[in-house]
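Protein chains in written order, with the numbering used here: chain A, 2 to 504; chain B, 97 to 604.
In case anyone wonders, no lab produced these hints; they're calculated from the structure. Where a beta carbon is used, it is the ideal one built from N, C-alpha and C, also for glycine. One or more of the hints may lead you astray.
[Stated by the list, open to error] Simulated coverage check for chain A against chain B, where a stretch passes if three residues somewhere in it have a Cβ under 8 Å from a Cβ of chain B:
id: 1; region: 174 to 180
id: 2; region: 394 to 402
id: 3; region: 424 to 432
id: 4; region: 475 to 488
[Said to hold, decoys possible] Have a look at the derived ranges for each label pair, beta carbon to beta carbon:
id: 5; chain 1: A; residue 1: Arg306; chain 2: B; residue 2: Leu579; range: 52 to 62 Å
id: 6; chain 1: A; residue 1: Ala424; chain 2: B; residue 2: Cys122; range: 41 to 51 Å
id: 7; chain 1: B; residue 1: Ile115; chain 2: A; residue 2: Ser450; range: 31 to 41 Å
id: 8; chain 1: A; residue 1: Phe485; chain 2: B; residue 2: Leu121; range: 47 to 57 Å
id: 9; chain 1: B; residue 1: Ile263; chain 2: A; residue 2: Glu283; range: 52 to 62 Å
id: 10; chain 1: B; residue 1: Asp474; chain 2: A; residue 2: Ser450; range: 43 to 53 Å
id: 11; chain 1: B; residue 1: Gln172; chain 2: A; residue 2: Arg306; range: 25 to 35 Å
id: 12; chain 1: A; residue 1: Ala176; chain 2: B; residue 2: Leu121; range: 48 to 58 Å
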Amino acid sequence: MEKYFLDYDWTVMAPELIILAAAALLSVIDLLLKEGGNRRLLGWISLAAVIGAGVVAAQQLGDPAYEILSDTYRVDDFARVFKLILLAGTGLILLGSFREMDREGKEARGEYIYLLLAALLGGMMLTSSADLITLFVGLELLSLASYILAGIRRKRTDSNEAAWKYVVMGGVSSAFILYGMSFVYGLTGTTNLYTAQQRLFEAYNSGYEPFVLLSLFLMLLGFAFKAASAPFHMWAPDVYQGAATPVTSFLAVVSKAAAFSLILRVLLGTYLFLLQAGPWQELVAPALLVIAAASMVIGNTAALRQTRTKRMMAYSSVAHAGYMLVPLAAVAGAMLFESTIYYLIAYLFMTLGAFTVLMVVERETGNEHLASFAGLSRRSPLAAAAMTVFLVSLAGIPITAGFFGKFYILIHAVTAREFWIAAVMLVTTVVSYFYYFGVIRMMYFRPPSDGKKVPIPAGAAVVILISLAGTLLLGFLPQWTLDFLGQMDWMSTLSPVRDTLGQ
Amino acid sequence: MMEQLQQALPIGLVFSPLIGVIVLLCIPRDKAGWLKGVGILATLPPSVLALLLYFQFDARAGGVQFEQRLPWFQIQLPQIPPWEVAFHFGVDGLSLPLAVMAALVATLAACASVYIQKRLKGYFLLFLLLEVGMLGVFLARNMFLFFLFFEVTLVTLFFLIGIWGSIYREKAANRFLLYNGLGSAFLLLAMIGLFVLFQSLDYSRMQEMAHDSRIQAMLAQEPVNNIVRGIFLCTVVAFAIKLPMFPFHTWMLRVHAEAPPAVVMIHSGVLLKMGAYGLIRFGVELFPQQMQAFAGVLALLGLINILYGAALAFVQNELRRLLAYASVSHMGIILFGIAALNVSGLTGAVFQAVSHGFISALLFFFIGSLYERTGTTDIRQLGGMARPAPVLTGIFLAGGLALLGLPGMSGFISEFLAFLGLFHEEPGLAAAGVLGLVLAAAYTLRAVLKAGFGPVAEQIKGMADTRWPETAPMMVLLSCIILIGVWPDVLGEPMKVTIQTIASRIGG
């Protein structure tokens, strides 16, 4: 039966539509508002939209997978959970940065908000794509909005440099992805991820192995760029440092989570047949393991030498991308989706918390050098204590989210009998203690350069508290999240949805 | 009702310092007197509960008592039943003496914290969290919990050294973090390995499986036995760093020299013993075969510890460094006892752990009050202390005698048992180790005589003697040392059955 426009159940797309409407509405309001007028309203509207979309997405959890728009757009539990992560990340960033953007001039503020929403929309489309076309559209929407966001501090040269680097490198990575997609289309004549799987399998068996693998690796390179994992992590330190801190945290959390949804969907939706066909064990898994190990080693060692905290956090995010790749690389393990997503949630809270404290400190001292943290325990004991929890969690020490997440990933890796990647993970984790504790040392062991209190804006305080609660709860009471993730229907991600209409 | 209360005793003991944490959080930070008072009082409930536990413990029954498990979380795994992790606490003959010692030393270390000058609120908060960590380490009945509490002690101690230490505190804190972080990584690896082997991290369950002959045969097969050996070595390295064993000891020297004396009381008295406890709990109990094969090496490493520590202690002029090397030497005796793998050896190891806990706590309490008065702990600048401060010198002398193993004090009986055990197994190494005892007498007496007697040094002319708030806690420690020395059963009785079970399982 042919399906027409209104035959589809559009409510499944409600979260995206809410964000889209809000972004469009805000750009219009921004134009109508007086130049230099108060744009606080925009922030509240955007936050309301994000929360609304989140509530809708949460209500749909557990519904069966559904595909609309001629099977190009797919809403399943995998997509919903990722959307919730993206929405939560963006919501917290918006809440924490209400006052931050004022410093860049009033006109930047409206742009910042609706570009953030546009990027979020791109990420959400990415998680729900069942087709190469929608996938690429989502990816580009996310990327283009991020490029502008990175350069939004238009009067600062480092911000301009960041945007420029990001555009050039991002363009190259998009080209890689597109080139890989063209091979898929060339071999299969379809852009649907799930149909492509069958046909790629046939193509693989009829002598096109090199092209099948080439398409996969080209896309993998593009993904490595988006997730800021080795070997395409070089942009991260410069861009993270140059961009405004809320934008940096968006890149570190939301953009990275979207990239992981992309790689999981493409690899598991389209290329999983390689697992039976053989080259997965010989080529794909080793490649993923090497990428993961290289990210951990490079990220954690390069971070040791940084004196600017945002650069340090950039390398730290490279290392965390490595940790999160481990479950996928050890695909034979027991808890692929659960452990990756558990870590992503943990990463969301601890990274956003750390960036928010960083932003508060940066506001006060004017820069993000490590030395700005000196004596923070006296200037703002609560911020210092919260930051300590975030850093300890990033370092993977109990009783925090970071520890449990890492432990979960380790269990997964060991059940897949990937012992050496577990060892690399542990050793690099110990290395990471140094730079994370370096910040703690500054906050607690060194005297402040001046005794001034660091004021914390209300929005940022709420974000810090939420992140703190999240970091501690995920570490101390993991059962809730485990139950939540255990109820999701992950396996449906692997197979196509057959005709859901009218039957 | 009574029964339920008893069941809750271990868990209550572990978390009882948190009451103090909550109260401290409510006190403004400039109220120094209040903070000190609450900080010290908050360590009393754990001590009381620990003593209660001690008296309620049925020594004749042995086994694990006061066991309590509260469900915590479970992870679904394919093929095998879901893995449940519980808040699982309990005591047996191995953990009880150490837990009681830890609680008592913590209370007395809190008394010694009156010398702390700055940032009192933070200090006592961390101190109490550290106490939660160390009590948890000894009372946990599940390796996952053990690891969590182990890490709590690591983080809190990092702060305690780094903020309240002396001049090179940051370096000491970093070194501490590096070595112990590495140790934790090994421990985590071992833990995951053990989980894969036994599909459980429960002590009782793991022991059962480790001593099941069918499983032993399975683990002895070709590819698996290498993994088992790897896990065993990870375990040994993790606790060798903590103990510390010879090549891994440098971090501990710095901590002894830089951390505030009250913290060293805890560190040297209790935290090092976590290494000994771990070696017995996981090394001896879970890897009987590997441990037997490794016993010779362990005894040799113990010998190196004993002689190396003693020789270097002899040439130190700085009292803290001297005591640090003395600790290295005494930890070697624990290794001797463990390497013997028989009843008297293992009993000696636990005796030594408890006894050294009290002795080094006493000596570092002394260091604290000495430094408070003289501003130095260099024995070249001290001398003739007995004249201005007879009580303080008397305590030092008593502590020194305990350290060198004078009969009638706890050190003697512990060393005797450990050596006795090893003489059965490795007479050569044990005989060489006895040399360490001679050296112990030499370095201790040298320090005591130089600092305490002879002409009065310039620096300490106007020195005041101790007041009762300092004397009383030191007397408590001293009486514990003497009590164990003259009545070893007070310590030996509760651990007897457990040690016998362990030893009989490995055929010793």
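Tested hints:
With a threshold of 8 Å between beta carbons, the proposed coverage of the region 174 to 180 of chain A by chain B is violated, since 0 of its residues qualify and at least three are required. With 3 residues carrying a beta carbon less than 8 Å from a beta carbon of chain B, the region 394 to 402 of chain A meets the three-residue requirement, and the given coverage holds. For the region 424 to 432 of chain A, the stated coverage by chain B is satisfied: 5 residues place a CB nearer than 8 Å to a CB of that chain, which reaches the threshold of 3. Proximity of the region 475 to 488 of chain A to chain B, defined as three or more residues with a beta carbon under 8 Å from a beta carbon of that chain, is established by the 5 residues found.
For the pair Arg306 of chain A and Leu579 of chain B, the beta carbons lie near 54 Å from each other, so the given range of 52 to 62 Å is met. Between Ala424 of chain A and Cys122 of chain B the Cβ separation comes to about 45 Å, which falls inside the hinted range of 41 to 51 Å. Distance hint for Ile115 of chain B and Ser450 of chain A: a CB-CB separation of about 38 Å, consistent with the stated range 31 to 41 Å. For the pair Phe485 of chain A and Leu121 of chain B, the supplied restraint of 47 to 57 Å is violated, since their beta-carbon distance comes to about 31 Å.
Ile263 of chain B and Glu283 of chain A have their C-beta atoms about 57 Å apart, which keeps the hinted 52 to 62 Å range intact. Distance hint check for Asp474 of chain B and Ser450 of chain A: the Cβ-Cβ separation is about 35 Å, which falls outside the suggested range of 43 to 53 Å. Under the hint 25 to 35 Å, the C-beta atoms of Gln172 of chain B and Arg306 of chain A, about 41 Å apart, miss the expected range. At roughly 56 Å, the beta-carbon separation of Ala176 of chain A and Leu121 of chain B lies within the given 48 to 58 Å, and the hint holds.
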